[in-house]
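Enquirer: Sequence:
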Amino acid sequence: MREVAKIFWGKILLFQPVLIFLILFFIYFFIFKNFFPTHNGTVGHDFSLALTGTYDGFLWFINNGIFTPPWFTPSFCGGVPNFADPQSGYYSLPQFLGFIVSPLKSAYLTVLISAALGYWGFYRLMRRTFDASVPASILAGALFMFNSFLSLRSLVGEYGFHGIMLVPLIASLLIAPAKNQHSRPGIQTTLTASVFAGLLIAYWLQSGLTTLIIPSALSVVAVACIAFILDRADWRSFLLRSTIASILALAVSASKLVASWAFFGNFPRTQYSMPGIEGIGNTIWLIVQALFFSSEGAARQANPLIRNMQWSVLPHEWAYSLSIVPFVILLVGLAGLLIMKNRGTTIRINLKSSSIFSLTIFLIIIIIPISLLVYSPSWNNVLKSIPLINATAWPFRWTIIYIPILVVITALIFDWIPFIKRYSYIMLYTLLTLMLLQNIFEPRDYYSDQSKNNLSYDPSIIENAFNQVKSTSIAPPITQIVVIQDTEGNVIAPLSRNDAVAFGFSQLYCYNPIFGYGLEKFPIKSLQPGPALEQQDGILNIKNPACYVFPKENHCEPGDHFAVNDYDRAQAFVEYRPWYFEKSLKQKVADYVTMISLALAITVLLFWIYGLVRNLSNKFGTSA
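For the sequence shown, the residue numbers in our numbering are 1 to 624.
No lab work stands behind these hints, which were simulated from the structure alone.
Just to be clear, a hint being listed does not mean it is correct.
In silico SDA-like links for lysine to any residue, alpha-carbon gap of 25 Å or less [to be verified]: (1) LYS588 x LYS105; (2) LYS384 x LYS521; (3) LYS525 x PRO477; (4) LYS588 x PRO578; (5) LYS105 x LEU191; (6) LYS583 x TYR203; (7) LYS384 x ILE284; (8) LYS452 x LEU314; (9) LYS421 x ASP231.
Just need the whole structure built from these sequences, with the hints factored in.
Expert: Written out as structure tokens, the structure is:
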């Protein structure tokens, strides 16, 4: 009987990662389903941009399918770039789902799928790269799955940041498994892993991760540094794989990158102040609050300490929490070190020159977010002089660097402490329970009712428009340029102004952050309310969006309109159909680079699939 029980328990343990994942996923679903929408039928403020963007992509898809990129859209501001907008994500999970289900359902499914990928990505990373135990790897996957950056940011509509959940999977592909450090993986394995990682990085570029690509990449490097310090991986293999993956990612995304750079170059966002926190001590303390406790609590403590603030820093800007579990494990690990020291146990760490270099890089990476958040007038002037950094209006977001680092360290300490190792599954269930309780009972008043801050958005108009278009398979063209006025005739710009696209209208004063949060850099020129194809003074009442990206090649300036003699092209544009425009030489070359590199990547993956199928058939054939 004892032997039967032992065998039974062994089989249960074998499926532990899957069983625990299913339980966690079920709980995750029920925690957050009531926010899509909330109890009053509304959602967070940034859904006003995200949902209308998904609906706009659906309109293009209805007429053109998936393989023709939506270079421009007439839906907003009288016509703007789409594919060239760094924040657009036509080739992303939310948009792909948005071809099948409504924009709001697509948003929630994106969150759920991303959470699942985060769990399994981290489980794979800890098992293959760090040779961690199953319980430690499960804990790592669970902690990353429930990180509040994904969940709470998504509740306000910023689910375009879901790409950060690919960090552990990319890291596991780039860092050769520990067991292979002395017997290097073959060329085929290295190439396949590099191609997979490159396509995932390319997804970052395509999905609108934009400003968070650099901190996400740095978090991958930091995780790799931990593996190098512990002698769990070979830096040469990492460098080779990272180089191949980076080149492939840039090549596959060359078309979008060149277009985005051309568009963004005409509308640099350096006009905003860069807020920060006074004092290094305050900065570190607030980061600790954000990483282990509620975002609303962190926001209450942070706001009095923030300097150079242009807008209110709302709670979702402090949503990075992994729960209190990593904090507890870190304290236990520190206590273990102190006990060993008191007992006279010598802790020897023999670092090789490569490990010292890795440690240096690691320390530099973890200092970066702090350096961006600490405020002083002189230091702020230095930061505003650095390209790319000077366009950062929300430096708090660089805190995401710490999330994967903390998860890895937590899992490693879990395996290092003898007491925890002895009762690993009991400790695992205890810590998971603690994490779940904190997530279930965390106050989310700000997220459940943003109407208190005039930030709630009603998604019903876009949802109904989507259902109508889906039932008819007819994409309504843009017929009018409109503005919204109050009862006294004053033009206003409510949160829902982009909803005009649901009625076949293009909102003149649209919400598009690339022109500035208040459209400070939007060249309105002669755009006015009225028919989109109305003729006046030799031009039409609709923008020629090619002028935003390729002004020189199309003999115009950013913000110019279609000329009357371009009526046919303008008509195709407002009907969501392709139309001819001239591209720069760089763009033409980039387009070819994208097509060729994508074809090569697909070829490598097909060879990998062929090899996998052949090995499986041989294995089962031999068994038979």
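Enquirer: Which earlier hints can't be squared with this structure?
Expert: 1, 5
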